[in-house]
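Enquirer: What follows is the residue order along each chain.
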Amino acid sequence: MSGMNPYASVEMTMPADLHPKISQFFGPGKPVGRMIDAWWLGLCIGVKHGQQRKRSDEVRKFADGTIFASDDWRIVHLELLAVAKKGEAILAQPRDVIRLASGYADYGLEWVAEHCLGANEPILALLNAIEVPAA
Amino acid sequence: MATTPRIREVARVEVKHLPLRYEGYHEDLIDALDEITRQQDHMTSSRQRQELITKLVEKVGSMAASLGGGSDQ
Amino acid sequence: MRIQRIRVHNFKLLRDIDIQLSIDPAKPLTVIRAENASGKTSLHYAIIWGLYGMDALKNIASPRDIRFSSKAAPAGSPVLIEVVLDFQITDEAGTADYRLTRHVQETPQATGPVDRGREVVKLSKLTAAGDKELDQPESWLDQWLPKRLVDIFFTNGDDVQKFITGKQEARLRQEKVHLAIESLLGIRQLRTAVVDIEAVQRTLDRKAARDAGGKLERVTSELEKLELALKEIDDEYERLTVRLGNIEKNQSRKTRELESIRGIGELDAINQEIQGLEQDLASLEGYRRKNLATMTGLLRSEALSWTLACGPLTMALARLDKLTDLRKIPKTSTQILEDRLELGVCICGETLDPGSTHRDEVAKLLAEQQGRDPIADRLTDLRYRAKALRSVNQQDFTEAHAEALGDFAKLADSIRSKTTALQAAKERRALIDEERVRELTEELAELDRKKGDVNFKLGTLDTRRVTVQYDCDQKREEKRNAERNANISRDLAVRRDVGLDLLSLARAVQEQLEGPYVQRVSNRLDRMFKDIIGADNGDTTGVITSTSITSSFDIVVSSQHDNKLDPDFEVNGASQRALTLAFVWSLMEVAGTVAPRFIDTPLGMVSGTTKERMVEAITRPPAPDETPYQVVLLLTRSELAGVEHILDERAGAFNTLSSSQHYPLDLVYKWAEDEPHSRSCGCSHREQCKICARRQDNDLGLRFREESVV
Chain A
1 MSGMNPYASV EMTMPADLHP KISQFFGPGK PVGRMIDAWW LGLCIGVKHG
51 QQRKRSDEVR KFADGTIFAS DDWRIVHLEL LAVAKKGEAI LAQPRDVIRL
101 ASGYADYGLE WVAEHCLGAN EPILALLNAI EVPAA
Chain B
1 MATTPRIREV ARVEVKHLPL RYEGYHEDLI DALDEITRQQ DHMTSSRQRQ
51 ELITKLVEKV GSMAASLGGG SDQ
Chain C
1 MRIQRIRVHN FKLLRDIDIQ LSIDPAKPLT VIRAENASGK TSLHYAIIWG
51 LYGMDALKNI ASPRDIRFSS KAAPAGSPVL IEVVLDFQIT DEAGTADYRL
101 TRHVQETPQA TGPVDRGREV VKLSKLTAAG DKELDQPESW LDQWLPKRLV
151 DIFFTNGDDV QKFITGKQEA RLRQEKVHLA IESLLGIRQL RTAVVDIEAV
201 QRTLDRKAAR DAGGKLERVT SELEKLELAL KEIDDEYERL TVRLGNIEKN
251 QSRKTRELES IRGIGELDAI NQEIQGLEQD LASLEGYRRK NLATMTGLLR
301 SEALSWTLAC GPLTMALARL DKLTDLRKIP KTSTQILEDR LELGVCICGE
351 TLDPGSTHRD EVAKLLAEQQ GRDPIADRLT DLRYRAKALR SVNQQDFTEA
401 HAEALGDFAK LADSIRSKTT ALQAAKERRA LIDEERVREL TEELAELDRK
451 KGDVNFKLGT LDTRRVTVQY DCDQKREEKR NAERNANISR DLAVRRDVGL
501 DLLSLARAVQ EQLEGPYVQR VSNRLDRMFK DIIGADNGDT TGVITSTSIT
551 SSFDIVVSSQ HDNKLDPDFE VNGASQRALT LAFVWSLMEV AGTVAPRFID
601 TPLGMVSGTT KERMVEAITR PPAPDETPYQ VVLLLTRSEL AGVEHILDER
651 AGAFNTLSSS QHYPLDLVYK WAEDEPHSRS CGCSHREQCK ICARRQDNDL
701 GLRFREESVV
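Protein chains in written order, with the working numbering: chain A, 1 to 135; chain B, 1 to 73; chain C, 1 to 710.
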């Protein structure tokens, strides 16, 4: 089954209001990374804070699931997270997995946008804001 | 009394380096110098001042000639 | 000269003033208390007019415009203006009293200038046997109190300040200082005397030579020429030396300016520094970019994901392990079974050849597994891959995170300090005025050339002088021989010797006064100035450490590290006054000049402890071996404030001047006469009376004097 990406056909979206903010910092030629990296960081933050944002009606696609092919550890993390939160059955519905993750990511993206906006070095601002366990 | 009392005062010291051509010669020299400096303000022309000096030198000189031992030569 | 009494009649608003001054050496001070517009300036002018007449007032106003009589005096009625000064003169013969009277009649006209009569001046010696009038009073007065020094003896606070300074060219500024030193010490008179005696001496020489006949006359004339040439060389030498001094002064000023520009640093060195800093910054910027890239990598890393989502991920893994234990998901992954069948070797090592029982077993197991719930397959797959990822260590992320942030902070620090250094270097570079450096360098080179020229000329003069001096000596010898052989009258020879003695004496005295005596003035000035200024001389550029008088009679003020201060711009008003007063006091003491020191409003710009110290210093009674003096201070009530205790002790006479025009605003009592005028009373700074009482006087705690009559 390795190499197979059940999420390839799923659209990756984020709230339309956050997209322009995030795309100032993430995306082709931007300093911090790709849009998917912002989304993934948002997801991690949402999970870490245990917070989800109610999915907005207005969303904007920024990629499709094929993007996971480049970092397939993300599929593992995504599914482990889904299993932990919703049980094993969710794995049969890749869209549900993404929807669940997007809830966390939407929360986290807002956090990301907040920390990037107005920062001289957004990447530094983000890394500084992330709470890391003591070394 | 002149406003420049120091001329006499210094002259009294300095005159001791000069020969004593007759008793009272030094005092006469000091008086002559005092007179020369005091009369300056009233004598605007150098001719006038030099006449005064000539007169004073003649006066002291004749004293030296009559009382003293004569010239250095 | 010490003035005992001043009487003024009808001079401006001073209708009838009678002021007694202290001549007691133990109490040298006379206080004249007077508010502004009470007649202080009129009194000042009245005294100067009384002493020297109209001539001395010429620099104040043109005689045509001067009107002595009160403006209130009616046109057509003549007014007699009179000043009477009683004074004492002490000399080797003892002390004598004199009276100087000057009067003039003025008839105010309806329009135009007043009609003024001839001034009449009378000087009398007052003796027990009666008054003896002296001829040529002006000559006597000029002997006692030379007119050219009038602004040393009679001055006001502002002029005191301008005496040394005055925002003009240094040469002009110190002209008064030179005049005062040269006149009071007698240096000026001696210089003239030396020149005059030299001339007389030459005449005597010529006469002697003529008497002695042909040869001696020729030799004398030749010697005279040589001596003249020698004098010309010396004059030229002196002129060139002064010029050299000026060039050197100019050079050192320009060098200082150049050094102050160069002190910033050499341009090339700064440019190199800037280049180096820019390179450092560029490479630091490179490191920063790498550091940010590392951070970006960290931000999107699996480790970060593990770190942040650790809770749910660990929970899911545990759950998968539990499902495996419950055999909800197979322990063996279908993937492993498929791989083994393909390889033909079982995990246990047995071959799985087609047709073998073992292979059938494994194929059956695989079919079983594949036939299961697809979810179970997904979970199997998930568990299999997750296990492979679990090696990612949280600790690694924490460390990498800390390291990346630490690196960034260090880089940011380095960039900041280098940027600051770069900015500073660029600012320093901006300060270097290259054009000025070029100009100064050229000017200095030009000055060097000039200095070289002057030095060359001086060298030539030296050589010439040696030659001429040698010729002179030879000629003198020749002359002596000729004289020996000649038959000069003894009388003439003696006169010549006396003339020479007189010349030597004049020169020796001049030398003493120019050297040690001026040095004494300088030392005294420094001491007294420091006494006045004390520790709190907070001038803009630094603390004054010393004051001195140079060999060219300039007053020089120095601060730390021997920096010379410009008295005009770098010395504050109080210090300027202190400097002038200290100079006048020191000079008069060393010169032994007994003359009044009359100052109108001396404390205007001085306050606090400096004021106290100043009054203390300028009223201190002279020691028995010092020159007695007299100081008259015209002070307003505000100037008096804070120094009353010193005045109590030092003043031997008190007067107050008041003006009727100050009633009713400031004066308490109305005077009998209506016409505006000023009056004097004998009130001290502690007293008030019906003439002088002012509205603030009770608040000042002044005692009322009944005996004064309005």
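I should point out that these hints are in silico values taken from the structure, not numbers from a laboratory.
Just so you know, not all the hints are guaranteed correct.
Listed below are the simulated SDA-like cross-link pairs for lysine to any residue, each with C-alpha atoms no more than 20 Å apart in a straight line [as the list claims (entries may be wrong)]:
{"#": "1", "chain 1": "C", "residue 1": "K207", "chain 2": "B", "residue 2": "E35"}
{"#": "2", "chain 1": "A", "residue 1": "K86", "chain 2": "C", "residue 2": "K231"}
{"#": "3", "chain 1": "C", "residue 1": "K125", "chain 2": "C", "residue 2": "E138"}
{"#": "4", "chain 1": "C", "residue 1": "K231", "chain 2": "C", "residue 2": "R465"}
{"#": "5", "chain 1": "C", "residue 1": "K207", "chain 2": "C", "residue 2": "L500"}
{"#": "6", "chain 1": "C", "residue 1": "K71", "chain 2": "C", "residue 2": "D91"}
{"#": "7", "chain 1": "A", "residue 1": "K30", "chain 2": "C", "residue 2": "K231"}
{"#": "8", "chain 1": "C", "residue 1": "K322", "chain 2": "A", "residue 2": "I90"}
Enquirer: Next step is simple, just say for each hint if it's right about the structure.
Expert: Against the structure, the hints come out as follows:
no., hint, in the structure
1, C:K207 with B:E35, "24 Å, violated"
2, A:K86 with C:K231, "122 Å, violated"
3, C:K125 with C:E138, "14 Å, holds"
4, C:K231 with C:R465, "10 Å, holds"
5, C:K207 with C:L500, "15 Å, holds"
6, C:K71 with C:D91, "43 Å, violated"
7, A:K30 with C:K231, "92 Å, violated"
8, C:K322 with A:I90, "18 Å, holds"
Checked against the numbered hints given earlier, the structure breaks hints 1, 2, 6, 7 and satisfies all the rest.
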